[in-house]
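Participant: Sequence:
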Amino acid sequence: MKTLVLGDTHGRPYWKEIVAKENADRVIFIGDYFDSYDDYISVEQMDNFKQIIEYKQSNQAEVIMLIGNHDYHYMRGVSEHYSGYQAGAAPAIQHLLEDNKEHLQMCYRLGDYLFTHAGVSHDWLLLHSREYRKDENADVSEIVNDLFKYKSFSFAFAGVNPYGNSSLASPIWIRPQALQATNYDTLRNKYIQVVGHTQVNKMDVEGKATGGRYHYIDALGTSGEYMIIEDDKLTFPTHKQE
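Once you know that position 204 of the sequence shown is 226 in our numbering, the rest is easy, because the numbers rise by one and skip nothing.
Source of the hints: derived by calculation from the structure; they are not laboratory data.
Quick caveat: nothing in here was measured; it's all calculated off a predicted structure.
Treat the hints with care, since some could be wrong.
Stated by the list, open to error - Within a straight-line C-alpha distance of at most 30 Å, the following computed DSS-like cross-link-like pairs (lysine-lysine) qualify: (1) Lys230 to Lys72; (2) Lys230 to Lys43; (3) Lys255 to Lys38; (4) Lys78 to Lys262; (5) Lys212 to Lys123; (6) Lys38 to Lys123; (7) Lys230 to Lys255; (8) Lys72 to Lys43; (9) Lys224 to Lys43; (10) Lys230 to Lys173.
Claimed, not checked - Between beta-carbon pairs, the in silico distance windows are: (11) Lys212 to Gly110: 31 to 37 Å; (12) Tyr107 to Asp157: 34 to 40 Å; (13) Gln82 to Tyr104: 40 to 46 Å; (14) Asp121 to Ile63: 16 to 22 Å; (15) Gly233 to Asp161: 29 to 35 Å; (16) Ala42 to Asn223: 41 to 47 Å; (17) Ser101 to Thr232: 33 to 39 Å; (18) Pro259 to Leu149: 34 to 40 Å; (19) Asp61 to Gly133: 36 to 42 Å; (20) Gln82 to Pro259: 17 to 23 Å; (21) Lys262 to Asp226: 19 to 25 Å.
We put the CB at the ideal spot given by N, CA and C, even for glycine.
Produce the entire structure from the sequences given, and follow the hints as far as they go.
Facilitator: Below, the structure is given as structure tokens:
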């Protein structure tokens, strides 16, 4: 089975070209559908999100839509706002997210691979999950998704570092340095984490910097790379925007 994993979207429409080219059985969007850094206006961002939903509903592939911080701050009941927040479009985006919340999730696990927008921290799990405190071998993907369902405030920005570089930062906020430090002898031994959120100029194809235990894939706006998992092998093709 072929799995395509796409980095942060931010309104970019060329996921459609990649999906058509790769013809994957499963497609994972790593989140951040809104707040463009490439001059896509709010209406274009919303239309792009609707098209992803339509693609998911078409059943052409199994589609996993993860939530990012630039989606979370538009959700009902969330009062914090981050860079790029579009106040004028916020009510419409909130309605769009609310109408499609059944299509969204915080975490997905595929074998040993754990997918979230920014990464799952051992310290964050200990703080927020009684189940994890009782059994650190529990399925982390189920714990994270249940926390979002029943304790969504757990995903709010946390820690003193304004960039999110804290071991207590949530799976939509934590940065690579804190993620790898807090998980060094815990989750690192259980999962290979695939995350976006922190933009990279080029993917670490061979995993030399992380021992192959972390893959940072927010590269659609830089190198244009994305991830393919097929037959237990990883490849990192490049999309060249026309």
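Participant: Look at each hint and say if it fits the structure.
Facilitator: Here is how each hint holds up against the structure:
no.	hint	result
1	Lys230 to Lys72	37 Å, violated
2	Lys230 to Lys43	28 Å, holds
3	Lys255 to Lys38	23 Å, holds
4	Lys78 to Lys262	24 Å, holds
5	Lys212 to Lys123	29 Å, holds
6	Lys38 to Lys123	22 Å, holds
7	Lys230 to Lys255	16 Å, holds
8	Lys72 to Lys43	21 Å, holds
9	Lys224 to Lys43	21 Å, holds
10	Lys230 to Lys173	36 Å, violated
11	Lys212 to Gly110: 31 to 37 Å	43 Å, violated
12	Tyr107 to Asp157: 34 to 40 Å	38 Å, holds
13	Gln82 to Tyr104: 40 to 46 Å	32 Å, violated
14	Asp121 to Ile63: 16 to 22 Å	20 Å, holds
15	Gly233 to Asp161: 29 to 35 Å	23 Å, violated
16	Ala42 to Asn223: 41 to 47 Å	26 Å, violated
17	Ser101 to Thr232: 33 to 39 Å	34 Å, holds
18	Pro259 to Leu149: 34 to 40 Å	38 Å, holds
19	Asp61 to Gly133: 36 to 42 Å	38 Å, holds
20	Gln82 to Pro259: 17 to 23 Å	19 Å, holds
21	Lys262 to Asp226: 19 to 25 Å	20 Å, holds
Of the hints listed earlier, those the structure fails to meet are numbers 1, 10, 11, 13, 15, 16, in rising order.
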